[in-house]
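Protein chains in written order, with the numbering used here: chain A, 2 to 199; chain B, 2 to 199.
Treat the hints with caution; some may be incorrect.
Stated by the list, open to error - From the derived model, a few chain B residues whose C-beta atoms are all more than 10 Å from chain A:
(1) Thr25
(2) Leu55
(3) Asn102
Unchecked claim - Derived contacts from chain A toward chain B, CB cut-off under 7 Å, selection only:
(4) Pro5
(5) Pro23
(6) Lys24
(7) Ala26
(8) Leu29
(9) Val33
(10) Val41
(11) Phe44
(12) Val49
(13) Ala51
(14) Leu55
(15) Thr65
(16) Glu186
(17) Val187
(18) Leu189
Unchecked claim - Calculated pairs, DSSO-like style, for lysine-lysine (alpha carbon to alpha carbon, straight line, at most 30 Å):
(19) B:Lys17 / A:Lys37
(20) B:Lys37 / A:Lys24
(21) A:Lys37 / A:Lys24
(22) B:Lys37 / A:Lys46
(23) A:Lys162 / A:Lys136
Rather than coming from a laboratory, the hints here were simulated on the basis of the structure.
Don't be surprised by glycine CBs; every beta carbon is placed ideally from N, CA and C.
There are 2 protein chains.
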Amino acid sequence: MYYPEPISKLIDSFTKLPGIGPKTAVRLAFFVLNMKEDDVLDFAKALVSAKRELTHCSVCGHITDQDPCQICTDASRDDSVICVVEDPKDVIAMEKMREFNGRYHVLHGSISPMDGIGPEDINVPDLINRLKDDKVKEIILATNPNVEGEATAMYISRLVKPSGIRITRIAHGLPMGGDLEYADEVTLSKAMEGRREL
Amino acid sequence: MYYPEPISKLIDSFTKLPGIGPKTAVRLAFFVLNMKEDDVLDFAKALVSAKRELTHCSVCGHITDQDPCQICTDASRDDSVICVVEDPKDVIAMEKMREFNGRYHVLHGSISPMDGIGPEDINVPDLINRLKDDKVKEIILATNPNVEGEATAMYISRLVKPSGIRITRIAHGLPMGGDLEYADEVTLSKAMEGRREL
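From just these sequences and the hints, can you work out the full model?
As structure tokens, this is what we get:
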């Protein structure tokens with residue numbers, strides 16, 4: 002034995018987390034030993050309750066502790082726009098912006114034939130259902146700007162187009178604070194392509 | 002609100018760990034949501050039991066879930082040698098080597114006047130007590146090879162010397178697999194100083 006069992010179990014648990022190797026796991030486990038007992042108990046409770054109390058919203062697919070989620074039930078939000086994202090974390094990124102006041106739809110993935118993920122494996126049918134009540138006037142496709150995200154955006158746009166709903170894609174271009182010199186060619190080409198009158 | 006409460010609490014708990022910033026904490030928290038429930042429960046249990054069940058061995062100061070610890074109670078180990086280290090993690094590093102078969106003594110720190118840590122703040126009195134029964138023939142000082150570790154080693158060696166017990170310090174020199182070209186001057190000077198006949 003190298004470690005007393007309680008700590009070796011804790012090290013094992015930390016090692017299961019992404020980006021945490023054996024050395025970091027040992028460091029974190031020893032750090033826990035020196036934490037206040039209350040903080041450790043809170044940590045343990047938070048783990049269990051995050052796992053047990055959170056589900057996916059039955060309307061938009063966002064993670065939530067109530068169903069439908071707070072965003073879907075918020076009467077002050079605009080029903081006519083749905084922003085389609087790949088992941089719950091993307092909803093949070095959008096919410097941090099504090100500018101978008103419509104609804105969301107979380108796909109939980111993107112079309113990726115290389116990984117065997119087809120259109121049927123992501124949360125598209127629910128999106129189509131949500132369009133039936135004619136409230137929605139615009140769908141903003143905010144999938145990631147990579148091959149899978151583009152393919153997913155293209156797929157949804159073709160699917161929804163016949164219904165006459167306006168479909169937009171978020172802009173691609175140079176990130177703010179970025180440096181033109183260090184921008185890759187694809188981004189630069191998208192930035193040129195998407196240029197606007199001043 | 003950005004996050005449902007259960008997950009924001011979990012993110013807060015992760016943020017308290019060393020080396021984990023807000024972005025990593027979010028990533029880990031979302032990872033936990035997708036873990037198997039059993040794994041999450043094991044993680045939570047491991048946190049609590051590591052904190053509650055582990056204490057410091059009353060003999061050597063190593064972390065343990067039984068007192069005295071497994072190393073101190075192991076009759077097959079050599080009572081005549083005590084290896085003095087700064088931290089329980091150092092005991093584990095030594096044990097991994099599988100070559101040392103004596104006892105340990107954990108100081109839980111090193112003398113560091115800059116941080117206001119004097120000889121009375123580390124676990125030296127217990128070490129002196131352990132020398133009283135005349136079993137101990139050698140003390141190996143394996144404190145870290147830095148200013149604080151050297152000062153601590155020097156302090157203990159002066160304290161113990163009058164008793165006539167042999168006191169040794171682990172060797173300083175080039176680490177195995179290292180590169181002479183990239184060694185710092187202090188290490189190189191120590192390596193020259195500690196050279197041995199072949």
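Unmet hints by their number, sorted upward, for this structure:
Failing hints, ascending: 1, 2, 5, 6, 7, 16, 17 and 18.
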